[in-house]
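Every number in our numbering is 18 more than the matching position in the sequence shown, counting from 1.
Treat the hints as calculated values from the structure; they're not laboratory data.
A few of these clues could be false.
[Claimed, not checked] If you anchor each label on the Cβ, the simulated ranges turn out as follows:
1) 27 with 116: 24 to 30 Å
2) 36 with 57: 16 to 22 Å
3) 69 with 90: 30 to 36 Å
4) 112 with 49: 33 to 39 Å
Here a beta-carbon is modelled for each residue, glycine too, at the ideal position from N, C-alpha and C.
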Amino acid sequence: ATGCADFQAYYQNLMNNVDGLILPTTILAARPIDLNSGGLVDLNGEEVDAFSTYIKHTEYAAVAQSPGISIPAGVTADGLPIGIEIDAKQGDDRRLLAIAERVGKVLANTPRPPITYAAGQTLLAALPMVVLAALAAIF
19 ATGCADFQAY YQNLMNNVDG LILPTTILAA RPIDLNSGGL VDLNGEEVDA FSTYIKHTEY
79 AAVAQSPGIS IPAGVTADGL PIGIEIDAKQ GDDRRLLAIA ERVGKVLANT PRPPITYAAG
139 QTLLAALPMV VLAALAAIF
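Turn these sequences into a full structure, and let the hints steer you where they fit.
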């Protein structure tokens, strides 16, 4: 429990110094999971647990008891969805929803090609340009 409380304090301190956090909802794009693989997915050439890999970005706000929301940000070349996670500090739920609504409207009206990345690589390299274009249109 102490580790959780320490993380919550760290996260809230971080959030007091920024307006929010924007990151890919999941570290990998959606993909079929081979049920015979034992729930493993390829991440940068290494077989890792699918569940813990996919929740990696969404668990920070959850553990810190802070609001977070995921909104659509595009699709892969295969047409699978990609989202962005927006997190805020505790108590900023309404502000978070307002930001997500504004970002969502911009993303919905911004033509963009499918987000491409090499199989097994993370979305961190592919997504920033989409997010930056949306934020530039808002602010």
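Hints not upheld, ascending by number: Violated hints (numbers, rising): 2, 3; every other hint is consistent with the structure.
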